[in-house]
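Enquirer: Sequence:
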Amino acid sequence: MLGFLGATRHAMKSLTRWIRPNLLVQQQRFPVRRCGCKPPPPPKTMEKILIANRSEVAIRVARACNEMGIKSVGIYSEQDKFSAHRTKVDQAFLVGKGMPPVAAYLNIPEIICIAKNNNVDAIHPGYGFLSEREDFAKAVIGAGLEFIGPAPNVLKTLGDKVLARDAALKADVPIIPGTTEPVTDVDKVKEFCDEVEFPVILKAAFGGGGRGMRMVANKDAIEENFKRAQSEALASFGKDDMLVEKYIDRPRHIEVQILGDKYGDVVHLYERDCSMQRRYQKVIQIAPAQDMSVSVRDAITETSVRLAKSLGYSNAGTVEFLLDKDDNFYFIEVNPRLQVEHTLSEEITGIDVVQSQIKIAQGKSLTELGLCQEKITPQGCAIQCHLRTEDPKRNFQPSTGRLDVFTDPASIGIRVDSSCPYPGLQISPDYDSLLAKIIVHTATYKSSCEKMRRALEETQVSGVTTNLPFLLNVFDDKKFLSGEALETNFIDDNPQLLERNSYQTCRDMKILRFIGETLVNGPMTPLYVNVKPVNVDPVIDRTVSKFETSCADFVSDMNERSKIRTDTDEKYLIKKPQANGYRKLLQVMGAGEFVTTVRKLKHVLLTDTTFRDAHQSLLATRVRTYDLKKVSPFVANRFNNLYSLEMWGGAVSHTCLKFLKECPWERLAELRELIPNIPFQMILRGNSLVGYSNYSPAEVGAFCRLASQAGIDIFRVFDPLNSVPNLVKGMDAVQQVTGGSTIVEATICYAGDLTNPNKKKYSLNYYEDLAKQLVESGAQVLCLKDMAGLLKPTAAKLLIGSFREKYPNILIHVHTHDMAGTGVATTLACVKAGADIVDVAADSMSGICSQPAMGTIVSCLENTDKRCGIDLHDVCDYSSYWRKVREELYAPFECTDLKAASSEAYLYEIPGGQYTNLKFRTMSFGLDFEDVKRAYRTANFLLGDIIKCTPSSKVVADLAIFMTQEKLSYRDVMENADKIIFPKSVTEFFQGSIGEPYQGFPKKLQEKVLDSLKDHALERKAEFDPIMACDYREDEPFKMNKLIFPKATKKFMKFRDEFGPVDKLPTRIFLNGPNIGEEFSCEFKTGDTAYVTTLSISEHLNDHGERTVFFLYNGQLRSAAVDVLYVGWRRCSSIREV
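Counted from 1, the sequence shown has number 81 at position 81 by my numbering; the numbering is strictly sequential.
Hints listed in this document are in silico derivations from the structure and should not be mistaken for laboratory results.
What you are looking at is a predicted structure, and each value in this text was computed from that prediction instead of being measured.
It cannot be assumed that every hint is accurate.
Simulated pairs of lysine-lysine, DSSO-like, Cα-Cα distance not exceeding 30 Å [unchecked claim]: (1) 44 <-> 81; (2) 532 <-> 729; (3) 71 <-> 97; (4) 760 <-> 729; (5) 658 <-> 309; (6) 984 <-> 1008; (7) 629 <-> 1008; (8) 1047 <-> 629; (9) 1085 <-> 1051.
Using C-beta positions, here's what the derived DEER-type ranges look like [claimed, not checked]: (10) 975 <-> 532: 17 to 23 Å; (11) 1083 <-> 489: 42 to 48 Å; (12) 1123 <-> 1095: 15 to 21 Å; (13) 740 <-> 931: 20 to 26 Å; (14) 100 <-> 325: 42 to 48 Å; (15) 108 <-> 373: 32 to 38 Å; (16) 290 <-> 1123: 44 to 50 Å; (17) 978 <-> 535: 52 to 58 Å; (18) 983 <-> 741: 36 to 42 Å.
The beta carbon of each residue, even a glycine, is placed where N, CA and C say it ideally should be.
With the hints as extra help, turn the sequences into a complete structure.
Expert: Dropping the structure here:
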């Protein structure tokens, strides 16, 4: 017996020696809980997890599985067969064949079947779809699988907002006053509203995420909002039950990330501020919340943990609150799933929430995971932006279509969780619009904002509209950047955030789409002649320049330069770029002293019209800023002694917007930067500005002020009918708004023939009387504008000689055209008679419809006291450049029927600047130009032989085209005018829209026309408000474009938004597109050059009726899908203009 006891005692000692260390190990793994919970069992083994979701969240879970060595299984609907998430998992299976897109992901039996058939151990629901469905969790568990989420009974409680509110009350969590039961009857809503004050909010009883929510401001709005909220709830969650709560005005939306294990332990990962919302959908989130006291943070997080423990919550979840201005917080709901914003909590705590979900589902405790509350502390600040395919300008409506480019900004401190979009992906309207989540994490809120701004700027998306410009606006907003408390009304209170900014959404892809469109569907700008631009790139030596002088030396130098000199003269050796010019003189002296100084000069000054009227007359104003900029440095350096450069006004603005797809104000700014030393001159149509109807004094003043600020130095003001009152109004408007810093040329338009005694209407007395009135009105410069080349040398000598004799101190400036071949003779006659300044054009851009040749005038005056002081070598170089531009690039716009001067100018009196435009208009109508020219002469007589200068010349042209189309003679019009429906410009002319012509209207015709319009009063636009808001952006140039050319501006802005800055493309590429295999460059700005190669065009159409054009863009493969507009070699689009 003693032996047995001894043996037993020895065995017990040995057993104790074995048990104690092993019990210690077990206590370390499963410590005894004070709450009385049972020790956890060993962790479950998970080798394969099915992800019952799609897109970004499916990829996020798959990556977590991969890092843990767990195989992943994905599902996808038929509509998602090309989505990237199916390629990021180890296996992917089609679900819901033949079902609607959303219903496929709600097909519980098929999802369970896929899991069972493929040996899946657990299912992760992601967020949305089935993630909060109690029946799904039960089905998963019932199939013997692990559900990675809370228990079904917890889902049931939290999925029913009434039960959730009861649970919150039991846990002593403050709640918002509301209905205690779900309601499906609108009358119940009305009863609740009778008991509380408006506003109230309607919420889906069995869902979250902002869907099925509507704020009701008054009783009248109850029914409509109730129906809409029910409809959203039914579509999103399968049930239309609603809850009604008191609406908390201007709260903050604060949510707390929690993690709970299966043994009663819960921790929080701190809070996130989700107040930046639109339509209750979170757009930008911040963690931790800024401008929140420690006491409030502790209270909210402690409350969240307490509520979770009371529910026996396990896995990841989010407890959401509203925080009012007094720091009172109210429970909203618990999202019992992974939240979209979980990434922020991961960033500031370093804890992988998704991996923690999986490990908790495996049975591991928080302690095993090292998740003790004392050790979890937030580090720095994280911000997340939701990049969505939505249009902020259209109330965030989803945008769909083909994604052409997606470039994310991922780098140090920048995380991108996306659906892995790729070029060619079709963005569907069937699913959530989230494209990517961009998350930044730095030490401070300020530095996080700075990093986010940079990240957004580097993000490129093209093909669909996104909220990227909106997000950029937010990170430019001072209040947002200040870190002050944000409210859920922040976006509504700051509508400027919805305005588009200067950010160009994937400029590169827009340009490629334009090129693809041109290659597939033909030129965007109609080419009127069947001649293609040549593959050349005209250049001119930009390195040659002159030395800079003082203003005083410059005046002396200009006189000195008029003397004969040789190329070896030391005074003219090249020293510095951009020598001083008359613009500096004007800026220093002011207009008055400048005019006096210039008048004392001995030689004749030149105005170069090549940049405006020359190409308007010869090439229908089609020369692009691109080609003007290339020659601008040469002009600034070689022709610095030009009196002015006429480069703006007239038809420039309209043609830029309508045909060249560039902004005329941008042209002015870019050329001003390249030519800072030569005065810029524009032609101003009096009260018509650069348009075709009269504008108010406020409108005229605003335009002139803006033009002066943008770089115009000389305003050539004219009236289309030589109306002195209208001329004076325009002159006064310029002088008042520019304060005497600019020169105003009072312009007299020439018509008739002073040498013909039978033409008595426009006599010498007529012109002398006009000049007298203008001088008495304060004119400092008189300009004679001969639009149609009607001024003969004899008449020029007579008229200019009279002006010079009567007004010896006035500057006289002459403008003529060379239609009849007498332009040079007329100009020289004007110089001899006393003209101070004459208009010329580059030799290769002169003659016919244009101005006299610069080189010819320079050579003819070279050895006289009127010599111009311009080097003929420079003129020849200049002409050589423009010859290549005209003949090889702009041949499609060449006026082909006039190869030489023609005396028909005296017969038809068509202005040179109108000639080519009229010809192309005639072609577009399929009319014979010879018939139209004859009708033009007849129309002029019908209208009373008027001064023909835009817009009066347009009236004549419109009537001529109309008469040709309708085959009307002079007699037909006179006899049937009261029965004819005339063009709008003609009827408005007789109503006096542009003033009254000299000697009045032809009474008989006017009475008949007006009699047919007695019920139609002349409409007048509302007066322009210089500070009015506009639809696209707030800059004044855009408002001016919109005021004068509303239709053209609207189409231009739409075009630029779709195709980007096409004005930066080389001209041949812009007009006709590149050749296949050709590489070309495009300089968007200094130091920003793209290299593009067109690789190929698909032979066959795709399912969407598109052909795909393939490019290399800076060495990267790109493609643009282009709708084929019709079958055939010539194409026509709704965005094209004819």
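Enquirer: Quick check: which numbered hints come out false for this structure?
Expert: Checked against the structure, the hints that fail are numbers 1, 2, 5, 7, 10 and 13, while the rest are satisfied.
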